[in-house]
Amino acid sequence: MEMKPPIPVVPAPIWRDIKDLQEYEQLRQRRPEGDKHSPAFVSVTEGIHSFPGGFVVTTAADAFFNWARKSSVWPVTFGLACCAIEMMATFASRFDVERLGMVPWASPRHSDLMIVSGTVTIKMAPMLLRIYDQMPDPKWAVSMGSCANSGGPFRHGYHVVKGVDRVIPVDVYVPGCPPPPESLLNGLLLLQDQIAHFNRTGQRAAPNPKLD
Amino acid sequence: MTRERAVTLIAERFGSAQVQGEAPLVVVLRPEEWLAFARFAKDALGCRFFSFSTAVDWKEEGLEVIAHVDNLDDRLAVVMRTRLAAGTTTCASLVPVYKGADWMERECFDMFGIRFEGHPDLRRILLGDDWEGHPLLKSYAVDTPHPPYR
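In order, the protein sequences belong to chains A and B.
If you use numbering that gives the first Met the number 0, the first sequence corresponds to residues 0 to 211, in order.
If you use numbering that gives the first Met the number 0, the second sequence corresponds to residues 0 to 149, in order.
Hints in this document: simulated from the structure, not taken from any laboratory.
A hint or two may mislead.
Below, in silico cross-link-like pairs of lysine to any residue (SDA-like), each with a Cα-Cα straight-line distance of 25 Å or less [unchecked claim]: (1) B:Lys58 x B:His145; (2) A:Lys122 x B:Tyr139; (3) B:Lys98 x A:Glu1; (4) A:Lys3 x B:Lys98; (5) A:Lys161 x B:Asp142; (6) A:Lys122 x B:Pro95; (7) B:Lys58 x A:Gly156; (8) B:Lys137 x B:Leu125; (9) A:Lys3 x B:Asp101; (10) A:Lys122 x B:Lys137; (11) A:Lys3 x B:Pro119; (12) B:Lys137 x A:Ile121; (13) A:Lys122 x B:Glu106; (14) A:Lys209 x B:Lys58; (15) A:Lys209 x B:Pro147; (16) A:Lys3 x B:Pro95; (17) A:Lys3 x B:Gly99; (18) A:Lys3 x B:Trp102; (19) A:Lys209 x B:Val141; (20) A:Lys122 x B:Arg122; (21) A:Lys209 x A:Ile130; (22) A:Lys122 x B:Tyr148; (23) B:Lys58 x A:Glu45; (24) A:Lys122 x B:Leu125; (25) A:Lys122 x B:Asp109.
Bear in mind the structure is a predicted one, so any value in this text is a computation, not a measurement.
Let's have the full structure, built from the sequences with the hints guiding it.
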């Protein structure tokens with residue numbers, strides 16, 4: 000007689016009971032605290048700057064670092080819906096954002112930018128927030144498409160977040176349903192301007208007006 | 000198993016059931032015949048493939064449960080329909096007959112709040128565990144708030 004092993008009964012996961020998520024709730028980082036430089040870095044740069052002729056070094060270094068930061072934005076690969084197809088087309092050879100220094104990176108720990116490409120559901124929103132919080136500061140978010148901007152055609156669905164700006168702070172809104180790669184490319188160039196503005200002034204510029 | 004043969008067998012066994020349509024064959028049942036007809040469809044009609052199960056909210060007339068089963072060898076499709084009485088949310092589960100009904104009935108419970116009696120593991124499948132209400136019911140208001148997200 001053939002013996003069948005018993006089917007293991009796996010209890011249903013309840014998200015709020017997971018210890019890792021509880022710790023993440025405690026350690027959650029929020030702007031603007033995350034945008035500050037460390038005090039050691041500030042004291043070193045102040046010291047160089049106050050040295051005679053040192054301002055040439057710091058401004059030249061600032062300009063160089065600004066150029067480097069805005070030309071090496073690594074977006075975390077985070078495709079949510081059909082907009083992700085256009086995002087992939089933007090990353091692929093024809094539009095080739097790698098000439099802007101953008102490499103889609105499969106880890107939030109090494110990324111500077113999150114492109115929210117698609118409808119955010121209420122079940123997905125905590126996971127999106129978690130990935131966003133795993134990214135190191137300073138970090139940027141592009142809301143791509145009508146769904147991420149405001150909910151889009153699914154705005155009155157029971158499960159849809161009415162705009163990803165209710166979950167994370169957004170720097171650039173890209174309108175369209177879905178936005179073509181040119182449109183996303185324009186949004187990424189706007190984001191480069193925003194990054195340059197932030198590195199010049201230490202303040203985030205207001206996001207571009209939301210059109211959808 | 001032709002359509003005529005199936006209609007004859009259904010009329011012999013379930014006299015009160017209405018049979019409509021060509022393909023698929025629609026059988027309107029009473030709620031208490033639900034599980035017995037599923038057994039009959041699997042054994043006598045040879046419908047061994049469970050396609051899907053869903054429900055319709057007819058507001059004050061009550062809920063209607065629908066299941067679609069197939070006999071793939073003889074190309075016979077049977078749609079089982081039953082109207083629950085107004086205010087009733089319990090229905091017999093088809094999981095003892097069709098294993099494939101498990102997740103379909105969980106989804107039905109999730110969206111319509113129908114409690115399938117005899118289901119081994121009836122809990123939400125698509126929505127979160129802490130969700131309140133059943134969103135595909137007509138009484139579930141559009142734009143029901145769900146702080147902080149909507």
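*asked:* Need the list of violated hint numbers for this structure, in ascending order.
replied: Result: hints 6, 14 and 23 break, sorted rising.
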